[in-house]
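J.: According to mature numbering (1 follows the signal peptide of the UniProt record, and there is no 0), the residues represented by the sequence shown are -22 to -1, 1 to 1124, in order.
Hints are supplied without guarantee of correctness; some may be wrong.
[Stated by the list, open to error] Here are the simulated DSS-like cross-link-like pairs (lysine-lysine), alpha carbons at most 25 Å apart as the crow flies: (1) LYS988 with LYS933; (2) LYS580 with LYS601; (3) LYS815 with LYS859; (4) LYS543 with LYS601; (5) LYS449 with LYS400; (6) LYS933 with LYS903; (7) LYS1035 with LYS1068; (8) LYS536 with LYS490; (9) LYS918 with LYS933; (10) LYS512 with LYS546.
[Unchecked claim] Pair by pair, the computed Cβ-Cβ distance ranges are: (11) LYS580 with PRO1113: 54 to 64 Å; (12) ARG790 with LYS981: 41 to 51 Å; (13) GLY1056 with TYR1008: 18 to 28 Å; (14) ALA1081 with GLU1011: 21 to 31 Å; (15) THR687 with PHE593: 17 to 27 Å.
If you are wondering where the hints come from, they were derived from the structure by calculation, not from laboratory data.
Glycine included, C-beta positions come from ideal geometry on N, C-alpha and C.
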Amino acid sequence: MRLYISCSLLLALAFMSSTISAFQLQQQSMLSGFTPSLSFMTSSSISSIPITSRGKDCLFQRKKNHQQMMMLASYRLPLPDIDAISNPRSFSSKVYSSRKHVGTVLVGKRMTNLAQAKSDIMEKTNNKILDNMSAATNSKDDSSTAILEDIKNVPIGSLSQELMHDAIQAMKDLSSSLSTTAVMSTNQKKNKQLKKTIHVPKQKKKDHHHQHTAKESAIIVESILNRLIQEKDSSSSSPRWAAANARTYNLAIKTWANSGVGGSAQNAENILRRLIHSYETSSSRGNDNKGPEKEFRDISLRPDVFSFAHCYSAWYNLAMNESEKNNAKASSTALRKADSILQLMAESLIGSSDQAGIMKHHDKLTIDFNVALDSWSKSGERWAPHMAERFLLFIEKTSDTNEGKIGPNVRSYNIVINAWAKSRDREATNRAEFILKRMEMRHRDKSIKSLVAPNRITYSSIISCWSNSGKKGAARKAEEIIDRMIQLRKAGNKGVSPDTISFNSVINAWVKSGEKGIVAKSESLLQRMEDLYKAGIADARPDIRTYNLVLSAWTKEKGAPAAEKFLKKMENMNIAGNNSTKPNLVSFTTCIDAYANNGEPKHADRILRWMEDSFRNGNIDAKPTARSYTSVLNAWSASGRRDSGQFAEKILSRMEKLHEAGDEHMKPDTRTFNALINAYSNSKDRTAAMKAEQVLSRMKSLHSAGDPTVKPDVISFSSTINAWSKSGEKEAPHRAEAILNEMKEADIQPNSHSFNAAIAAWSRSGQKGAAQKAEELLRKMETLYDEGNNNVAPNVFTFTSVMNGWAKSGERGSAQRAEILLKVMEVMYKQGNKAVKPNVQHFTTVINAWARSGEREAGEHAEKLLERMDKLYKAGDMGVKPNSFTLTAVIDALAKSGERDSVTRADQILKRMEQLYKEGDVDVKPNVRTYNSVINAWSKSGQINAAQKAEGILKRMETLYEAGDEDVKPTVISFSSAINAWASSTDPGKARKTYEILQRMEKIYKQGDKDVRPNVFTYTSVINACATCYGNEKEMDEALYLAYSTFKALEDSDYGKPNHVTYTTFLKACSRLIPTEGRRRKILSTVFKKCCSEGQVSENCLAQFRYAAPQDLFVNVMGGIRTVDIDSITVEDLPSEWTKNVKAAR
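Please model the complete structure; the sequences and the hints are all you need to start from.
T.: This is the structure:
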């Protein structure tokens, strides 16, 4: 804290000093004409560079401008050109007016929620500011064009001071607004990767419009310059009042350099060379206090560092842009041009014949070098570090030729190293290390007159570079730098002694590394810091950030419980007197997040309560924030527990109570309520969707009552729609679509997530017409997207949901509709829309749709789709490689199609899968569903050997399972399908075969395998095999015995009770297998009466009894039923007790 206060005081004193001398600097500048352009000015250098100001309010305005610059910096927005704020009238109404578009406001000197909102609002902010700047630029174009016309209409030599002032101001306005727009466009390019669409022509049109405006601005600025030059050449007024000086030339050079249009770099160079020529051919009369008047060059036309820096950056940027386009020749030419500008700078500024004038300002030249380097370093351009390093090395080389009189200093090198540290370029660490080695080499080389000894900042920047790199071994490299700093200190160089920041960067590198042993490494570094502090090195004392980093290491490697123990240790150390270990907001939040990310919301809530207690006991640094509560709320949301919504409500209630008690920062906002809605959405509570909608309604009511902080946003609505989508309730799709429509009424634009949730609600509902409804929403998205709303671009999830809807619908033509959607995706992908690239899941979904369709040609369609996938995969599309699910779906389609030889093709696919798996392709390993599908295909094939084939596959599954393959463990479906295959066969021994399989199932089940528990369908299939058995009298008697035994076993079992199908099948068996009428009559009567008493008489059961029973028996059983004709009796005529369980059985 003392360090921060000291730095603040020093900055304040420097600022006051520069402000007090503003009038003197202004007078000196106007007399000499040597006023450096400050287009590279940043907040860090504002107090070190002279600024030309006007008017009696100069001091006040400079202070105000400085404050505004700092506020802009806190927003992470591009700083305006300093030229743009030298005029009080222009600054706040132009560049800074964009501040109102940022999604948050300043509170005191801090921004309330930048960290949380940065990723969400960056692009929106950039767009708004760009629009604002574009409007401002258009306005300036109009006024500047008018000024240009005004000065053209004035005879040469007659321009008034006021008109010249307006002309220069117009140049500044256009130049500054163009540079700000250029920086914002750079930020947009970074975010553009998130929104790639196929609407390329629209984007190109927008870019073309921007370039047209930039070119016009540059032309206007150059035209004004030309008119001012004419005025200067013809004016009889004193040269010191001439408006055509180096500064105005610089404005024109910079405007062309920042325009980025074709020919901009060459135009910038042309103006630079005109400036050099004007200076070299200029003359003015003056007295050097050593004699009579002499002829001197007009120093107001002397080019400065920025004249060349603007031009150099224009050529360098062009070189990099051409390189990205793979235009090597153009890139090489532009790079040579950039180097030639640097050479020209050396000749003009350092190798000039006017050595006296140059040396008089040599310190100023070095400062200007650093300002230029710092500006590139902070520009955010991807190649800025490359450009800065090239510039630095050139200055370094030039310095060697002038015996170090003019050249880089240690700050120059540190700026470039820091630029690499922030760049995250893959070569950043290598380049930073290279510059460090050059510094160390030059420092050791006594023949080089250069004071560039690396200092603490140098080494700390290298550590930061390694820490940010994310490379394997980066933490180890960072620690090696610390070791080198300690060794250098021991050798007597106290200026490089590592401080707390250096150590913290190394610990942070270890924490981010993900390597094993990060806790041990972090603890070791912490111990070294404590040892150094005890040895008298106060700068190395561990602070709370140090301990929090070590705490973070515990969470990552040892888990939340271990981290909690370390947090407790920190608290105990603080109680014992170590103020550096007093847990703060970050400490507790780290533990809360650890438990939250581990899916343990109760423990996260417990840490939050510990945090609350700590604050109540006087630890003001541990005051929970809304973010602390929201983190716990999100933990409950992610838990998926049935009661997660209830617990989330309690967290919200605690926040509301704290706010009501006077804590303004604890007021629940939109994000808090969104987390609560999401908690309900993810919970398994049947009433979750209704409760989520109630929370949404509450938000709408609060907002309508005047609370702007809880205005429902797109996330609020989308999460509520998602809650309904997951609910499974009958009204879910209707509510989901209704809420989607409400968004338009609330003036909130739905996005892809909103539509996708509503589409999923329809697709999952299984209701009649649901797939059509889902597709209608898809068409609506496409319409909005075609109209230019990129936020509703259909994506993979959209098409997947609609396809699933059709696949599950079972409606006629549903498979065809699903396949059409797949083809639409393929066309869109070929047209450039990468967001809808079909993958294996989409093909598999369509194949499943054909399998469920029941259409005869389903198998043929499935096989064609499989062939298409194979072709795409062999062409290099790895995303559509068929897997076991795909091939199983094809088998299923073949099994259900009923096509001739379809079962043979299904069996061949299974064998192909087995062979590919043996060859090492694990993606197509057959699973239990694959084998079950083939067994089912054989059971329905009607082929003579179908039963033998089906049982053969079943035995193969049993063998593989016994050998250890858990994926093919037979289930009840496997056995039941094999039994059904035998039941459908004409083999005379099928009754015995089915009965043996049933007994095998019972044995396996009793041994503990719950997956083969026989069910009613299994027993009924065995009875059916007996009922359809043909053979001699002995075989028929055995079949009857097996049928009765099976029926009796089912009655006595815990697997279920005979249903109407079982009774129907058993009546059929009795009718066919009992030869004597008397015995058959008795059994039929007994069985049917039992069926009546069980309430299982169905239409088929009644028909079977009528067919099997003699007429008198049927009349006798039905005698109690009053009807005109006994033969016309239907189930509707029967007592309800006889049929009461049929529907339940179905």
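J.: Broken hints, numbered, in rising order?
T.: none
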